[in-house]
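Can you build the whole structure from these sequences, using the hints too?
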Amino acid sequence: MKAFTRLNGLVCPLDRANVDTDAIIPKQFLKSIKRSGFGPYLFDEWRYTNYGEPGMDCTNRPKNPDFVLNQPRYQGAQVLIARDNFGCGSSREHAPWAIEDYGFRVIIAPSFADIFFSNCYKNAILPIVADAGTVDRLFKECEAAEGYTLDVDLEAQTVTTPSGFSFKFDITEHRKYCLLNGLDDIGLTLKHADEIRAFETRHKAAQPWLFA
Amino acid sequence: MAKTLYDKLWDSHVVRQEEDGTCLLYIDRHLMHEVTSPQAFEGLRLAGRKAWRNTSIVAVPDHNTPTNHWDRDIEDPISKTQVDTLDANIKEFGSLIYFPFKHKNQGIIHVIAPENGATLPGMTVVCGDSHTATHGAFGALAHGIGTSEVEHVLATQTLVQKKSKAMLIKVEGQVGPGVTAKDIALAVIGKIGTAGGTGYCVEFAGSAIRALSMEGRMTVCNLAIEAGARAGIIAVDDITVSYLEGREHAPKGEQWSRAVEYWKTLHSDEGAKFDAVVELKAEAIEPQVTWGTSPEQVLSVGSRVPNPANEADPVKRASYERALQYMGLTADQPITEIAIDKVFIGSCTNSRIEDMRAAAAVAKGKKVASNVKLALVVPGSGIVKRQAEAEGLDKIFIEAGFEWREPGCSMCLAMNADRLSPGERCASTSNRNFEGRQGPGGRTHLVSPAMAAAAAIAGHFVDIRQA
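Quick mapping for you: the protein sequence lines, in order, are chains H and U. In terms of this note's numbering, the first sequence opens at residue 430 and continues consecutively. In terms of this note's numbering, the second sequence opens at residue 6 and continues consecutively.
One or more of the hints may lead you astray.
Unchecked claim - A short list of chain H residues far from chain U (calculated; beta carbon distances all over 10 Å): (1) 434; (2) 435; (3) 489; (4) 505; (5) 544; (6) 573; (7) 636.
To be verified - Capping the alpha-carbon separation at 27 Å, the derived lysine-lysine pairs in DSS-like fashion look like this: (8) H/431 <-> H/463; (9) H/463 <-> U/96; (10) U/55 <-> H/620.
Stated by the list, open to error - So the derived label-pair ranges between C-beta atoms look like this: (11) U/317 <-> H/606: 22 to 32 Å; (12) U/76 <-> H/479: 38 to 48 Å; (13) U/403 <-> H/606: 54 to 64 Å.
Honestly, the hints are just simulated from the structure, not real lab data. The structure displayed is predicted, hence computed values, not measured ones. Quick reminder that beta carbons are idealized off the backbone N, C-alpha and C, glycines included.
Right, dumping it as C-alpha cells:
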C-alpha cells in the first residue's frame, strides 16, 4: 500500500447525501477479477450518458457536462467533499479502488458508512469525518473559488483551508500508523500468529463444534 | 456486570487488544462468493500464503449465475471467468462446503449457509458482502467486509476491528395480518434512517421479533445494513435451536447438547446497558412500500408520495426532488396508484421457503396483470426450490403467469441477465432501491413477498390486507 503523509490537493464537491457504492462503481464492473483499472468507471452512470461496459475505452464516451467530475475546474482533484452517509450500501471494495485509481486520496464528509470507511484505509485513502457545519463551509468556499485546495496533514491530524482556517480530525492510532507507513494489516497481524494459535486452541476446547 | 449479547459475542472472540482499543477478532466462519474474493486469493498467492483454516470457508457462486437456461452454461464470458476463478481458487485453497454452479444445493450464500447448519449461534461470521448481517438472526456476530479484509481473514483467521456501540431496537406487540418481517425492517429503517445504525451493532428484540420464524428473523437482520448497522443480532431461543437441529453441519450427539447449553446463554442480560434504544409498536406497523432511491424513503401502503415542498431541510428537500424525478413520480400521488412493469420475488432478503409460500398464497388462482411484462420468482437455493416444488408452489406461480427460475441473486443487483430496462418500474422483495441497482435507469420499490405478488396481480401496488 502507498503511504499517506501530507497532501495539498484540489477539491471536488459532490453535493449529495447517501452516495451509495452502486453509484460509485456500478455492478457490471464488479465482474473484473483485478484490483486496478476502475478509475475511468468511477460514478459511471452519473458521469457518462451512455451505458458503460467493463473494458470499454472511456476517452470518447459521451459525458454528462453537469456532473462535477466532468467540469474543467475540477480536473486533477485529489480531495472529494461529500454529504452524510457517503459510501452506503454494498461492501464492494471496488468503490475505494475506483476512487483511488481516479486520483482521490482524501474524502471529507459529515459521516461515512462503516464498511466503506474501513475499506478506504486498506487503499491509502484517508476518509475524514468533519461536522456538518464545517463541511458546508468547505462546499461554499470551494464553489466560490476556482482552484480551491485543502492542506491535509495526517501526522498533525489537521485540514487547513487557503484562508488559514484549520480543523482537527480523529483517527485511531493503528490506522494512522498503517497509513503513514504504507503498511497493510496482514504482515502486522501475522506477528501475533502465536497468540492467534493459542486463542484457537482455547476456543476449540470450549466450542469444539465450531471446528467440526 | 450485565452484558449485552454483543458484549458476549465480542468478548469471546478477542485474540488481543491494543491500547487504542483496536482488537484482533477471531473469525469462525468465512462465507464467500465469486465477486469479492478473486483479488483476495490473488493477494494470498502473490505473498505465498495459505488459508489459515480452510475448513472455516463456505463458498458458492451466486451473483453472476443465470437463473434460466442452465443447459447453455454461463453465456457472458466475463461472468463465466469470475465463476471459474472461484472454482479454481476453492480447488487450490480448500473449503468446508463448496457448491459450484449447477450443484443441486447451489444458491445465495446467505441462504445456503444457514440451511446447511453452517451458521451457528455464538459464531463470528464474515463475508465480502454487506448482507452478511443476515446470519445475526442466529445469535452470531456477522458482518460484511471488504476484499482486503477477505484476504486478511484468509491469511490470519482474524479481523482488525474496534468494537461498535450497541443499539437495542425493541418491537413490542403483535403485528396485524399481512404485516411481515420485511415490513418491520422497512419501518425500522424509515424511523432511524439509512445512517441511523452507523457505528452500532443492533440487537432486535421484543415480542414481535420473538414471534418471528428464523426465516423472518433473517429478513430483519439482513436489512440491518440498510439502516447503516454492520451487524444485526437476535438472541437465541427455542425457535433458533429447533431450526438448527438435524441440519447437516450442525453439531450432533453429545456435542449438540453441550452446544445448546451454551447457546441458551446467548442473550442480553437483564439490566445490560445499550448506547441507544429505539422502540416501535408492532400494531402501528403497516405494509411498507419504498417510493424513492434510498431504503429510508419508505411509507405505509396507504400513504401518498411525499411533497418536497413540505421538507424544511434543504439537503433532504433536494434529495426528495431528485428521487421523485428519478422514480418518475409526482408529489402527493397515492402509492396504490403507482403502476408497475416488472416484479421480482427473490434475493437474500426474501427468497426462503416462507417467502415463496407467502407469495404463492396471494398468487393462487389469479393471473398476473396484463401491464406486467415479467414477474420473476427466484428461490434462494436448490433446497428452497425443491421444497417449494414438493409443495406445488411452482405450479401456482406458473399458472398465474410468473416465471419460476433457478436459484441465485438475480435481479436484486442485476449482475446476470435479469434486469430492468431504463424507466421500468419494479415491485421487488430485494433490499436496495438505489438508482440503477436493478439495471441502469430502473425504478425499484421494495416490498414484502406478499405485497409483490399482490402488485403483480393488480398491476399496481395494493394494500395486501384488502387484496
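Tested hints:
no., hint, verdict
1, 434, "20 Å, holds"
2, 435, "22 Å, holds"
3, 489, "19 Å, holds"
4, 505, "27 Å, holds"
5, 544, "5 Å, violated"
6, 573, "18 Å, holds"
7, 636, "7 Å, violated"
8, H/431 <-> H/463, "18 Å, holds"
9, H/463 <-> U/96, "19 Å, holds"
10, U/55 <-> H/620, "16 Å, holds"
11, U/317 <-> H/606: 22 to 32 Å, "43 Å, violated"
12, U/76 <-> H/479: 38 to 48 Å, "33 Å, violated"
13, U/403 <-> H/606: 54 to 64 Å, "59 Å, holds"
Hint compliance for this structure: hints 5, 7, 11, 12 are not met, and every other hint is.
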